[in-house]
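Colleague: Residue strings, one per chain:
2 protein chains.
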Amino acid sequence: MTSAITSHLDPEHAGTDHASVEHASALDAADPLAGLRDSFTLPADVIYLDGNSLGALPRAVPDRIAATVTDEWGDGLIRSWNDADWINAPRRVGAKIAPLIGAAPDNVIAADSTTVNLFKVLSAALALRPRRRKIITETRNFPTDNYIAEGVIRQTGGAHRLVHADDVKTIADLLDDDVAVLMLTHVNYRDGSVHDMAGLTRAAHDAGALVIWDLAHSAGVIPLDLAGCDVDFAVGCGYKFLNGGPGAPAFLYVAPRHLGGDGQPLSGWFGHADPFGFAPHYRPAGDITQYLCGTPPVISIVALEAALDLWDGIDMRQIHAKARQLTGYFIDLVEARCGGHGLALISPRDAELRGAQVAFTHATGGHAIIAALIAEGVIGDFRAPDVLRFGFAPLYTRFVDVWHAVDRLAGILDQRRWDRPEFHLRRKVT
Amino acid sequence: MTSAITSHLDPEHAGTDHASVEHASALDAADPLAGLRDSFTLPADVIYLDGNSLGALPRAVPDRIAATVTDEWGDGLIRSWNDADWINAPRRVGAKIAPLIGAAPDNVIAADSTTVNLFKVLSAALALRPRRRKIITETRNFPTDNYIAEGVIRQTGGAHRLVHADDVKTIADLLDDDVAVLMLTHVNYRDGSVHDMAGLTRAAHDAGALVIWDLAHSAGVIPLDLAGCDVDFAVGCGYKFLNGGPGAPAFLYVAPRHLGGDGQPLSGWFGHADPFGFAPHYRPAGDITQYLCGTPPVISIVALEAALDLWDGIDMRQIHAKARQLTGYFIDLVEARCGGHGLALISPRDAELRGAQVAFTHATGGHAIIAALIAEGVIGDFRAPDVLRFGFAPLYTRFVDVWHAVDRLAGILDQRRWDRPEFHLRRKVT
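Top to bottom, those sequences are chains A and B.
The first sequence begins at 1 in my numbering and counts up one residue at a time.
The second sequence begins at 431 in my numbering and counts up one residue at a time.
For the record, the hints were derived by calculation from the structure and aren't laboratory data.
There's no promise every hint is true.
[To be verified] Derived list of chain B stretches under chain A, where covered just means 3 residues or more per stretch with a C-beta under 8 Å from a C-beta of chain A: (1) 769–782; (2) 790–803.
[Unchecked claim] Ranges of calculated distance between the beta carbons of each label pair, as one might list FRET restraints: (3) B/Asp501 to A/Asp167: 41 to 47 Å; (4) A/Asp309 to B/Ile744: 20 to 26 Å; (5) A/Pro43 to B/Gly743: 33 to 39 Å; (6) B/Ala709 to A/Gly342: 23 to 29 Å; (7) B/Gly743 to A/Asp28: 52 to 58 Å; (8) B/Leu463 to A/His281: 57 to 63 Å; (9) B/Arg561 to A/Ile314: 38 to 44 Å.
In this text, a Cβ means the ideal position worked out from N, Cα and C, and glycines have one as well.
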């Protein structure tokens, strides 16, 4: 497999042994994004390959939170809704996410959780296609998205039907004139495979349907162009590659043509045209704030905002190039050093078709191998029933991290250090 | 009005002038809860009478947040879902709220916003009364509650109807056999008047309807007994008298008999019976966790948890007694010292019928008087169109605060210091 590793090599370091740690160091030395790692706090004894589940802590966040808590809340009290501009935080944070997803600032807002936001936009989309009864999803979509579709269907009286495509190739065939909405996650949570956003959006529109993209695993990894792809609605996560902290507020996108009207059913006061007029009836704001509901979680939202400041001036093409390089390097090293132990790659081998994560299956030891890795300081995660999943956040993951992670994985496999009773005990991980 | 002030006097200080600041100090000296103020950080130059809108910062909160951010997120990373027990934070916090509202720990959970939670429980309640079409509310209910009912009705196809009672006395008359849900806020946000929870719940049940109580302005003020009153559902706010910080997670209560079934339509993965099994279809947890939806906002929820620790061992009857005493003292002093300036009390004069807030109307100067008070360091708030609203959080409000607030109000009114152009400019306050 050494020849494959060569492809990740900067030409000027062609003299090093491609499977060596020196080669990894050379790749880091050539990485134009390497300096960004210093903007994060990472524990010294850990190799963190789970930024796709919970992003690392940006150094700027603790001080920003402390200022909001102590100065804005403690001293400013209620006045900070104006004086610290808490009131506009959801729009301000949305506008910071917008360039990462190819959207205008006024079409993105930070609010609630990804799941709640999906409820909003799916409900709004169905209302825009009142005579169509089908929602198309994938069986392998992130489960909460499909659960929410089931919830919306129960709520609207069961007139709609959720249709699961078992294979990506069959999605287009399902798009008939009874389809209201095609709802997909852009980068798959298990295997990191990427959907063709432009092509599938076009196919849905050709059938008269609307599209909703879940960007949980692509925002902050892949250059996105929601406006250019003519996407109708999107939702995404604040705590993965955007590093907003555990349970950070999520975001949502609404195409300009779909703003206004009744909008969405979670019609709370923060989405009212005049929230502080205390009128007896709901009157939708008519712009993206209509997708707010209750009072925004200020402390969590400022943490996300401070994390987003890191993206200022970053070229998403460089981020994507590094994601492809890190994931490709990991695949190559695992296949070079961990062969014969039953690991099977389920992520796409073509770097263009995967996000910043790589997954292998293992028939019997999936959970235990991850548990052994964590015990030895390499944090990946396990997804039932048999998936070992590794994320490579381009902002802070080094090539030497990849090298040492595989080195430890190889040792664990070679010596079967994973096959101990304590590593087979299932614990909840998210 | 001096005779009325006498009623707030501890007998041993009967010698002081009842309208004097020395009398206020004597009341503080006799207050068994006075020491709790030291558990809060309050700015030295402010008298804060807006804890009903945003509670003050408990001293324990900044360190708790810093530990969660720096240690649990920064060092623990994804492991903290287990190691720091983030996964159980919504139930743990719910269990800490339970004794304040007369509920069993397993019937309360912290989640989302009050408004989103109302959507959940209202939807669940309507599903339990499928053949009934009316939702009864008050015209003067907090607007977001009525807006959400409108959203649920739009979502469910318009078969339901929201009926507004214009007067509390007419509510019982509206309870016929077509009513599915009676939905009220226990303490009114504008005038602080308290509904008869036991009586109205009984009346609704007698008509075969379910009840939902919004406890935003009563949790942390009045001893509540949801279980004893046989309440079906309740929602409440984390950032008012519970001091959880701006936009803190809210809470909800579900009676044991209503747990299970489909439950609620925001059926996200955190409400699934096995969230990390990643099954293709939703299977409700069957207990209170079924009312969770997406990933909980960890940083906000630990702030609320630290704030709730203050309530450990507190007797809610003492809290309620102090709320009645503070509000009564305020009313007496305002009427004694601010007469003839057009202020009209709209809160109940009977202390048993009001929460921890007092409101006056003023025909022309409502906003400007509040703005002038804030400029002079007394923070109350204005509610359109003409309401001056003052909150008296029993945990940290002193009688001397009340005295000085009225002293400044009297000066502002006597000298018409409020009638300046800058005080008439409307700013958003929440």
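Colleague: It remains to establish, for every hint, whether it holds in the given structure.
Modeller: Evaluated hints:
{"no.": "1", "hint": "769–782", "result": "violated (count 0)"}
{"no.": "2", "hint": "790–803", "result": "violated (count 0)"}
{"no.": "3", "hint": "B/Asp501 to A/Asp167: 41 to 47 Å", "result": "holds (44 Å)"}
{"no.": "4", "hint": "A/Asp309 to B/Ile744: 20 to 26 Å", "result": "violated (41 Å)"}
{"no.": "5", "hint": "A/Pro43 to B/Gly743: 33 to 39 Å", "result": "holds (37 Å)"}
{"no.": "6", "hint": "B/Ala709 to A/Gly342: 23 to 29 Å", "result": "holds (25 Å)"}
{"no.": "7", "hint": "B/Gly743 to A/Asp28: 52 to 58 Å", "result": "holds (55 Å)"}
{"no.": "8", "hint": "B/Leu463 to A/His281: 57 to 63 Å", "result": "violated (41 Å)"}
{"no.": "9", "hint": "B/Arg561 to A/Ile314: 38 to 44 Å", "result": "violated (57 Å)"}
In this structure, the hints that do not hold are numbers 1, 2, 4, 8 and 9, in rising order.
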